[in-house]
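Residue numbers (this note's numbering), protein chains in the order written: chain A, -18 to 212; chain B, 192 to 512.
There may be inaccurate statements among the hints.
Covered stretches of chain A (chain B as the covering partner; in silico rule of three or more C-beta atoms under 8 angstroms from a C-beta of chain B) [said to hold, decoys possible]: (1) 57 to 70; (2) 114 to 121; (3) 127 to 136.
Which chain A residues face chain B? A few, computed with CB under 7 angstroms, are given here [as the list claims (entries may be wrong)]: (4) Ala(-17); (5) Glu89; (6) Ile94; (7) Gln176.
In short, the hints are calculated from the structure, not lab data.
Just so it is clear, CB atoms sit at the ideal spot from N, CA and C, and this is done for glycine as well.
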Amino acid sequence: MAIAVLRFPGTNNEQDIIRVLKGIQGADPYLVPSRQGPTALQEADGVVIPGGFSYGDYLRAGAVASVGDIMEGVKELIDEGKPVLGICNGFQVLAESGHLPGALLTNESARFICKWVYLKVSEHTNRFTQGLENAIIRVPIAHAEGNYFCSNDILDKLVSENQIAFRYCDKEGNISDENNPNGSIMNIAGIVNEQQNVMGMMPHPERASRIAIGSRDGILILENFVRETVC
Amino acid sequence: MDLINEGKVKRVYADPESPKRVIIEFTDTITAGDGQKREEIEGKGLVTCDTSEFLLKYLQDKGVATHFIKRLEETRLLCRKVDIFPLEVVCRNFAAGSFCDRYGLKRGQLMSEPLIEFFLKDDSLHDPLLSADAIERLGIANPDEIAFMYSVTLSVNYYLRELLSQAGLRFVDFKLEFGKAEDGAILLADEISGDTIRVWDKDEDSLDKDIFRHDSGNVVEAYGRLLGRLKETNPDEIPVRTEFLTILVLPKDGIKNPPGEVTRKAMTRLGFEEVVEVRAGRIYRVKINRPISPDILNQLHEMNMKLLSNPIAEKTEVRLT
């Protein structure tokens, strides 16, 4: 199915995503530079907003991209129930545009962090995590603003509505402060919206797509995403 | 028509058609010295009404938010209803009047920058000078409102000064009043005429109320000359004045601020041990090509919410300078 991979000025993970998606049966990824505007999304069955540094992270990471024209097209697809996945900077864009609750603040260390981490997948799976309930997966992170923050009210709702998809953990799946890389509330690494068709995650599943590069756990998430574009 | 309020030289009536509007009638009364000196001069209401209509309309065209809606018959203006702040906002380009007496200055001395002063509008107290703090402590206006009036007064000064200079006149000083409309918008209110501005022709000849104060001629005739000169100007030629706004964005209280925290540690490491906390945010300096108005502030608020700050984690503060 047709999967639009957005590229804002400063996005730099779009080729990685396209390469991995091409290897998944049924996926027909195509690049959409943001200047093409919402019409370029008319044929899309799903959207990936990849990582990078859209607009140089000026203002706040994801803020300028979140008010771009193209996001009107993304909103339409979201309203139609099509799956939208935001990875890293893509998560920041989705949070800034209000499609996902909360905000991604500067890491607690105030540093850019690039390393492999373990994630615990929620037992309550969603369209993106089917078949992965309670799984411990290994994927890399690379960000300076991945410190997930939200009000207590929103947090209560994320928990009660099963919107938390991934939490940082250790190899055994223990979730604690020691294995929280960036200071996120409740070790949150990824969430879905209420309708469960929009997911944002700071870790990079596309960088965990081959054993040769350290893990292929990420591809399971992307395969789910592709399958959902068919529905 | 129901009389709502009667001032020294104007009457305010309720507009039978809308509770959000009033009808302001200019009378022939002229007063000076906190109302001690008082006279009726035929034609004075008409010329001050004409002048106010002309100048308020001109300022509105330049983007200043005023209470003026339209001219009615005789000496009446239809205006938006506002709650007037009990303040006289005075702006001076040259020393004159009470300012010279207060500081012992020579009449006509040029200010390096326009000077804005606030006075309490109360004849029984002889309109005392107010500091910004006093305005706030007396509960008359809050700091944001004071800053707004200050900024608009500077814009008005610019646009009137340029217009008068086109007419070959020197703009000495003026008094403004502001009011709050039912929707909370602060509007330039009252009147602008020979009664409220000081204007000099060549040789420092007054075309304003100083003629009445000093019994030095026919004041209504002078007001008429002022209006005539204004009508010969070309307001379209007056260039737009740019205004600056500063928007501060800071992390909300209670939210961790890692950039501030590492900055604090670095400052301590460099020997500044007294630093207890640093909160790091951003500053935007915005240049706009219109006077500050309630509409501009609303748009700015929207921009703050949508783009400049993330309301989940940040708070903002707008400074009108």
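Hints, one by one, checked against the model:
1. 57 to 70: violated (count 0)
2. 114 to 121: This one is violated; 0 residues, fewer than the three required, reach chain B with a Cβ under 8 angstroms.
3. 127 to 136: holds (count 4)
4. Ala(-17): violated, 30 angstroms
5. Glu89: holds, 5 angstroms
6. Ile94: Violated. Min distance 12 angstroms.
7. Gln176: violated, 20 angstroms
Against the hints set out earlier in the document, violations occur for numbers 1, 2, 4, 6, 7.
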